[in-house]
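Take -3 as the starting number for the sequence shown in the working numbering and just add one per residue.
Hints are supplied without guarantee of correctness; some may be wrong.
[Unchecked claim] Label-pair distances were calculated between CB atoms; the ranges are:
id, residue 1, residue 2, range
1, K298, R106, 47 to 53 Å
2, R98, D67, 50 to 56 Å
3, G250, T287, 16 to 22 Å
4, L301, P102, 28 to 34 Å
The set of hints was computed from the structure by calculation and includes no laboratory data. This one's a predicted model, so the numbers in the text were calculated from it and none came from an experiment. The beta carbon of each residue, even a glycine, is placed where N, CA and C say it ideally should be.
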Amino acid sequence: MSTVTPFAVLALIGAVSGAVTAWLILRRSPPVQVLTPAAPPEPEVTARLLADEYSVRLAALADLAGRADADPVRRQDCVDEIAAQLRYRWHDQPAWQAELWRLLLPHLRRDSPRFWPGMYLRAEHVVLHDVDLRGCELLDVVFRSVRFVGDARFDGVVFTGLACFEEACFARHAWFRGARFGVGADFENATFTGSAEFTRATAGRAMWFDEARFSARTDFSEVVFADDVSFAGAGFAGRTTFRGARFAADAFFGGARFGGHADFTGATADRFRFPRAHARTDVYAVRQWPTGWSPGPPRPLKPGLWAEVVSGKQG
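Generate coordinates for the entire structure from the input sequences, incorporating the hints supplied.
Structure (structure tokens):
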């Protein structure tokens, strides 16, 4: 015959008491609301997003955007899905991407009644055709190793986070006139085949153009940079201007090469630095360097003759 110890009785009483207490609390307290992330697209929508028919995918994306208009939690997922579709290869890729931008841009432009604030956009290792983000506002943007075919227009874009264009290739013109880089930008190893226009752009943090290649006209007139800007190892082959540019901190051009015209008239900086920077001297070029800087004696440096840009105040 088994016996129940006093400890077992106490444990049983404690368990019953705890259960009753929990039941009373649940009865007297309203249910707690649990916030959950946005639900994944319904299976039917997911199937349409993978369809082989051009129009079916677009209709599914339009449905997602409509639901995201009503539910802000779904918005970033919708942007991510449209960005992912930019990679899909149809027989007419430019037309496909144009339809995707038509769906997405009303949610990225500040003056649109369907604007979604705080969106980030990521597209890497992809060919993008005729990108036009003029007047958009975005959080973090990643266009790493993207090839922009046709003009790439970013005039007036507000990047509230970091903008990454590392190793991007602009096959035609790149327009960043009046763009605002709130947390700086990274253009390291970027290639600008056509004109690179940054007129009146502003940046609140550091910007990097290290090893960038500017093949045609390059315009940084009247830019306002609040932190360090680096053009280390950058190459400027065409007409380059920094007229009226304002650098609140260091403007670093270490190892840069100026093959054409260069104009720094009215440019100011806390400190200009040109260590081992060179300008080609065996071609016709008009250059206006920052106060105190000038080219030294030319010497052979393939291709042609180059002079190091030196200052009376080294350091």
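> Regarding L301 and P102, is the given constraint of 28 to 34 Å on their beta-carbon distance met?
Replying inline: violated, 54 Å
> Is the distance from the Cβ of K298 to the Cβ of R106 consistent with 47 to 53 Å?
Replying inline: Holds, at about 48 Å.
> Could one say that the CB atoms of R98 and D67 fall in the range 50 to 56 Å?
Replying inline: Cβ of R98 to Cβ of D67: about 22 Å, so the range 50 to 56 Å is violated.
>> 16 to 22 Å was suggested as the range; check whether the CB atoms of G250 and T287 agree with it.
In response: holds, 19 Å
Of the numbered hints stated above, those contradicted by the structure are hints 2 and 4, listed in ascending order.
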